[in-house]
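Number of protein chains: 2
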Amino acid sequence: MALLEAEAIPALSRSPPHLSTSYLSTSTIVALCVFFTLLCACIVIGHLLEENRWANESITALVLGLCSGMVVLLVTKFHSTKLLIFSENLFFLYLLPPIIFNAGFQVKKKQFFKNFTTILLFGIFGTVISFCIISVGAFLLIGKTGIASLSIEDYLAIGAILSATDSVCTLQVLSQDETPLLYSIVFGEGVVNDATSIVLFNSVQTLEFSKLNAVTALKLLGTFLYLFFTSTALGIAVGLISAYIIKTLYFGRHSTDREVALMMLMAYLSYMVAELLNLSGILTIFFCGIVMSHYTWHNVTGSSRITTKHSFATISFIAETFIFLYVGMDALDIDKWKTSKASAGTSVALSSALLALVLIGRAAFVFPIANITNCIKTIGSCKIEFRSQFIIWWAGLMRGAVTIALTYNRFQKSNDTTSQECALMITSTIIVVLFSTLVFGSVTKLMIEAVLLRHPKPPVSDLTNISDDLRLLFLENGDPSDQGNNNQRFTRQSSLSLLICYPTTTVHYLWRKFDDKFMRPVFGGTGFTRVVHGSSSGEVEEIS
Amino acid sequence: MALLEAEAIPALSRSPPHLSTSYLSTSTIVALCVFFTLLCACIVIGHLLEENRWANESITALVLGLCSGMVVLLVTKFHSTKLLIFSENLFFLYLLPPIIFNAGFQVKKKQFFKNFTTILLFGIFGTVISFCIISVGAFLLIGKTGIASLSIEDYLAIGAILSATDSVCTLQVLSQDETPLLYSIVFGEGVVNDATSIVLFNSVQTLEFSKLNAVTALKLLGTFLYLFFTSTALGIAVGLISAYIIKTLYFGRHSTDREVALMMLMAYLSYMVAELLNLSGILTIFFCGIVMSHYTWHNVTGSSRITTKHSFATISFIAETFIFLYVGMDALDIDKWKTSKASAGTSVALSSALLALVLIGRAAFVFPIANITNCIKTIGSCKIEFRSQFIIWWAGLMRGAVTIALTYNRFQKSNDTTSQECALMITSTIIVVLFSTLVFGSVTKLMIEAVLLRHPKPPVSDLTNISDDLRLLFLENGDPSDQGNNNQRFTRQSSLSLLICYPTTTVHYLWRKFDDKFMRPVFGGTGFTRVVHGSSSGEVEEIS
Numbered sequence: 001m002a003l004l005e006a007e008a009i010p011a012l013s014r015s016p017p018h019l020s021t022s023y024l025s026t027s028t029i030v031a032l033c034v035f036f037t038l039l040c041a042c043i044v045i046g047h048l049l050e051e052n053r054w055a056n057e058s059i060t061a062l063v064l065g066l067c068s069g070m071v072v073l074l075v076t077k078f079h080s081t082k083l084l085i086f087s088e089n090l091f092f093l094y095l096l097p098p099i100i101f102n103a104g105f106q107v108k109k110k111q112f113f114k115n116f117t118t119i120l121l122f123g124i125f126g127t128v129i130s131f132c133i134i135s136v137g138a139f140l141l142i143g144k145t146g147i148a149s150l151s152i153e154d155y156l157a158i159g160a161i162l163s164a165t166d167s168v169c170t171l172q173v174l175s176q177d178e179t180p181l182l183y184s185i186v187f188g189e190g191v192v193n194d195a196t197s198i199v200l201f202n203s204v205q206t207l208e209f210s211k212l213n214a215v216t217a218l219k220l221l222g223t224f225l226y227l228f229f230t231s232t233a234l235g236i237a238v239g240l241i242s243a244y245i246i247k248t249l250y251f252g253r254h255s256t257d258r259e260v261a262l263m264m265l266m267a268y269l270s271y272m273v274a275e276l277l278n279l280s281g282i283l284t285i286f287f288c289g290i291v292m293s294h295y296t297w298h299n300v301t302g303s304s305r306i307t308t309k310h311s312f313a314t315i316s317f318i319a320e321t322f323i324f325l326y327v328g329m330d331a332l333d334i335d336k337w338k339t340s341k342a343s344a345g346t347s348v349a350l351s352s353a354l355l356a357l358v359l360i361g362r363a364a365f366v367f368p369i370a371n372i373t374n375c376i377k378t379i380g381s382c383k384i385e386f387r388s389q390f391i392i393w394w395a396g397l398m399r400g401a402v403t404i405a406l407t408y409n410r411f412q413k414s415n416d417t418t419s420q421e422c423a424l425m426i427t428s429t430i431i432v433v434l435f436s437t438l439v440f441g442s443v444t445k446l447m448i449e450a451v452l453l454r455h456p457k458p459p460v461s462d463l464t465n466i467s468d469d470l471r472l473l474f475l476e477n478g479d480p481s482d483q484g485n486n487n488q489r490f491t492r493q494s495s496l497s498l499l500i501c502y503p504t505t506t507v508h509y510l511w512r513k514f515d516d517k518f519m520r521p522v523f524g525g526t527g528f529t530r531v532v533h534g535s536s537s538g539e540v541e542e543i544s
Numbered sequence: 001m002a003l004l005e006a007e008a009i010p011a012l013s014r015s016p017p018h019l020s021t022s023y024l025s026t027s028t029i030v031a032l033c034v035f036f037t038l039l040c041a042c043i044v045i046g047h048l049l050e051e052n053r054w055a056n057e058s059i060t061a062l063v064l065g066l067c068s069g070m071v072v073l074l075v076t077k078f079h080s081t082k083l084l085i086f087s088e089n090l091f092f093l094y095l096l097p098p099i100i101f102n103a104g105f106q107v108k109k110k111q112f113f114k115n116f117t118t119i120l121l122f123g124i125f126g127t128v129i130s131f132c133i134i135s136v137g138a139f140l141l142i143g144k145t146g147i148a149s150l151s152i153e154d155y156l157a158i159g160a161i162l163s164a165t166d167s168v169c170t171l172q173v174l175s176q177d178e179t180p181l182l183y184s185i186v187f188g189e190g191v192v193n194d195a196t197s198i199v200l201f202n203s204v205q206t207l208e209f210s211k212l213n214a215v216t217a218l219k220l221l222g223t224f225l226y227l228f229f230t231s232t233a234l235g236i237a238v239g240l241i242s243a244y245i246i247k248t249l250y251f252g253r254h255s256t257d258r259e260v261a262l263m264m265l266m267a268y269l270s271y272m273v274a275e276l277l278n279l280s281g282i283l284t285i286f287f288c289g290i291v292m293s294h295y296t297w298h299n300v301t302g303s304s305r306i307t308t309k310h311s312f313a314t315i316s317f318i319a320e321t322f323i324f325l326y327v328g329m330d331a332l333d334i335d336k337w338k339t340s341k342a343s344a345g346t347s348v349a350l351s352s353a354l355l356a357l358v359l360i361g362r363a364a365f366v367f368p369i370a371n372i373t374n375c376i377k378t379i380g381s382c383k384i385e386f387r388s389q390f391i392i393w394w395a396g397l398m399r400g401a402v403t404i405a406l407t408y409n410r411f412q413k414s415n416d417t418t419s420q421e422c423a424l425m426i427t428s429t430i431i432v433v434l435f436s437t438l439v440f441g442s443v444t445k446l447m448i449e450a451v452l453l454r455h456p457k458p459p460v461s462d463l464t465n466i467s468d469d470l471r472l473l474f475l476e477n478g479d480p481s482d483q484g485n486n487n488q489r490f491t492r493q494s495s496l497s498l499l500i501c502y503p504t505t506t507v508h509y510l511w512r513k514f515d516d517k518f519m520r521p522v523f524g525g526t527g528f529t530r531v532v533h534g535s536s537s538g539e540v541e542e543i544s
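First to last, the sequence lines map onto chains Y and H. Under UniProt numbering, the first sequence has 182 at position 182, and the numbering climbs by one with no breaks. Under UniProt numbering, the second sequence has 373 at position 373, and the numbering climbs by one with no breaks.
Derived by calculation from the structure, the hints in this document are not laboratory data. Fair warning: there could be bad hints in the mix.
A pair counts as met if it fits within one copy or between any two copies, since identical chains are not told apart.
[Claimed, not checked] In silico SDA-like cross-links for lysine to any residue, where the CA-CA straight-line distance does not exceed 25 Å:
| hint | residue 1 | residue 2 |
| --- | --- | --- |
| 1 | Lys-517 | Phe-386 |
| 2 | Lys-445 | Leu-249 |
| 3 | Lys-144 | Val-522 |
| 4 | Lys-445 | Tyr-250 |
All figures in this text were calculated on a predicted structure; none of them were measured in a lab.
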């Protein structure tokens, strides 16, 4: 079969021969039916449990997946639980891109870029630190459990695999309006972390580690930086091209559908081109999403804006639910558990060790990095308080689909050669994913509410005032004719001191000026939108 | 690979080893990149050629597909042209359902049901007549060309395959507002024809034709009627369930995305369940679309309405373009042409014969059925004039993706056993599809404009008045207390005579009464929509 590699369930695959629609295999249809029914159930149950303090959509999907895996196990009499084989292609080609694109498309750009340095520190350096600690820890601990056949590459892969966090659970609880700083850091770190851990994983797979020395580390760094910058540039380029095409050709005149189709296709194309050039598709499509929401989105008709905003969110939502369902069902695959041949004790010991490494590896960078940024920052409200640090730490404890996908990629090269150790690594990772998502995930809502509500946030910062000051100053600078000399000197002095004190804000302000003057006239954007007859702009909420 | 079965292109599949992202195969990515680039190109070129008299979107896609097939042929030095293998699964599982669902979702229901009997006559009886003529004709003609190895089943399959029309080209030209009768007949016939020919094809595949007698014919009819009614009922049931769920749970309160996701998933689920029960998924999803647009669509928030309307149309548009692109690229697959081993003369002769059968088979039912309906109908404006008959005939001459998919299904069981005759049948069908789409398709716009413009339509019918009369009459009947006896008797008489004279209108009126009284209070619909704060209903255009 095509998209979903189904395995026939003997009990169900016999169709009455007199009416068989011969062009579709029954096992495929059964698998698709089950999955779509479960997806619908997830949505309805998720809606009903909206007010529940313990559940959320991902946990619902995971539990439903586990339950249906159990049912399949019982129906087939413990013969096979594979309704679907976990396919990395399905995950990396069709499920991950819409999720990441939507993340870029819906991100509050102002907040994201204001905390850009902090996000990069957490997302890149933090992930690398976590990668190192987990790799070294795994090397030391797993050796003691008697598993000897793993190579250095395997340990490094484990480090990369377990560094990939899944902050969906936390993001569902945090409010973007009440705690903008915390939300943007957790959200941004999640995206950058995904990209970083996948790039790390790929680097580990391709570099030679026969002699581990400084040159290899430098190569790793070089590869990483190369991937980061080229991928970002590609994403921005594709986004700008889409904006330019839609602005120039003015599609809305004829058809809303063409605009929406072109946006979807070009976003997906950016991912594919990045993968073709062996760059990081995730970073590319993320930045493509940001650029599209900043320029392209403003060039289309009102209907297209509503449609793109909601349909991207819907597709991302379905993909996310599907992944959790998938992971849940896949966890009960009995063959893997048989192959691993490990006693319950070994499994639990190994999983606990990995989980402990995850906890330590995350704590080892969240609190130091947060305190370092606090020292650098001068404005009080931008500092990350201890309770925020705790939530950031907590948000990154869950492990999800990226972890599963990378584990399969590393430890299940082909079905025949799966050794005992590899199977054990897969099952242990599954235990870590299930435990962290179910246990940590269900406590998240309660905990965050407790931490945040008992200590209400201080009032919103006065950054807007500073921004106003800057605008005033720069405007005065730009138009000096009607200003006295004294005034001007004073102005220059303040702008310089402001630039030193609030570098991010200043960069942001300068970017806005550049954007208004050069980018928007070419690529469109707020203020350069055509007035479309019949579209009510009140319906369209601002994304930016 | 997963969704698209790519074949590695030797020249492109070598990726630099130092940076290879190991989790995706390069051939898949190359294929996806090419296809998405071509899709974007199709949209842009289609937009630029909007005003062109010869081109339309499907022809653009087909030609682009042919060109890129040619490029692949040259790049690989005539080694392989298969960037993608035409996969029936891909077509029937992922491309056809959204197209048919969107057709049901966007159909003008009033027009569609007003001409329901005519549509069914054309779609079912017409297709069956065409099926018989083409089968018999193929049996008589192909025997003469020296091809002897085809069985009776093969000839019947050819009949079913070549009865599947593709009226996309014509529908792009016809205007739903200017010629509502013509549009609804062509559109409705297209959908019913798809379903009928696929059901015929499946019946042919499964029934035993060792002894061709009256019992077999009756069985065929029985199977057909069973499939038709159960499939329709299933589609209506799923649509009503979705309406009920969304109305009762009131999803919009929390999330627009959930509403949209549930509508998408349940629509797709209806198709899958129908296929699982060996019914006709096409009919099911079509009626599911109709019910969803009549009930479910009115229960969701304003944003969801815009989103669903446009996103369904967009997905359908992409799927349609993709199919034509696919068919174009697939046509140049050199292996098939090699296998057929036929001289150019034989190919041309066979294709011409099939094309002639298509022309005759269609003429044989369009004009008789149109004249029969004209005799039955009493209102002048509802009669199908000769120039409309001509356009209906013309609209069904093009052959498209369904034809290709069914041909592959029948004549390419597996790559090894493809005999010479089967390969010849495949290539001949491809020639018929290409010729009819490119030649007939490019003339369509000019021809329809010529036929319709030179003979402007008569003014719109007075059917609305009749409907008003009926409403008045029935209302008076339902509330007899304030009516005199004489009046009432007169009323009853007229309503009875009206029922006899205009059965469709009366049925429609009675349905509206039933709908308003019993269905809408339970399943929602116009007039029972909640007022959603912040949504401007002016933005939402009525579908019904």
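Unmet hints by their number, sorted upward, for this structure: 1 and 3
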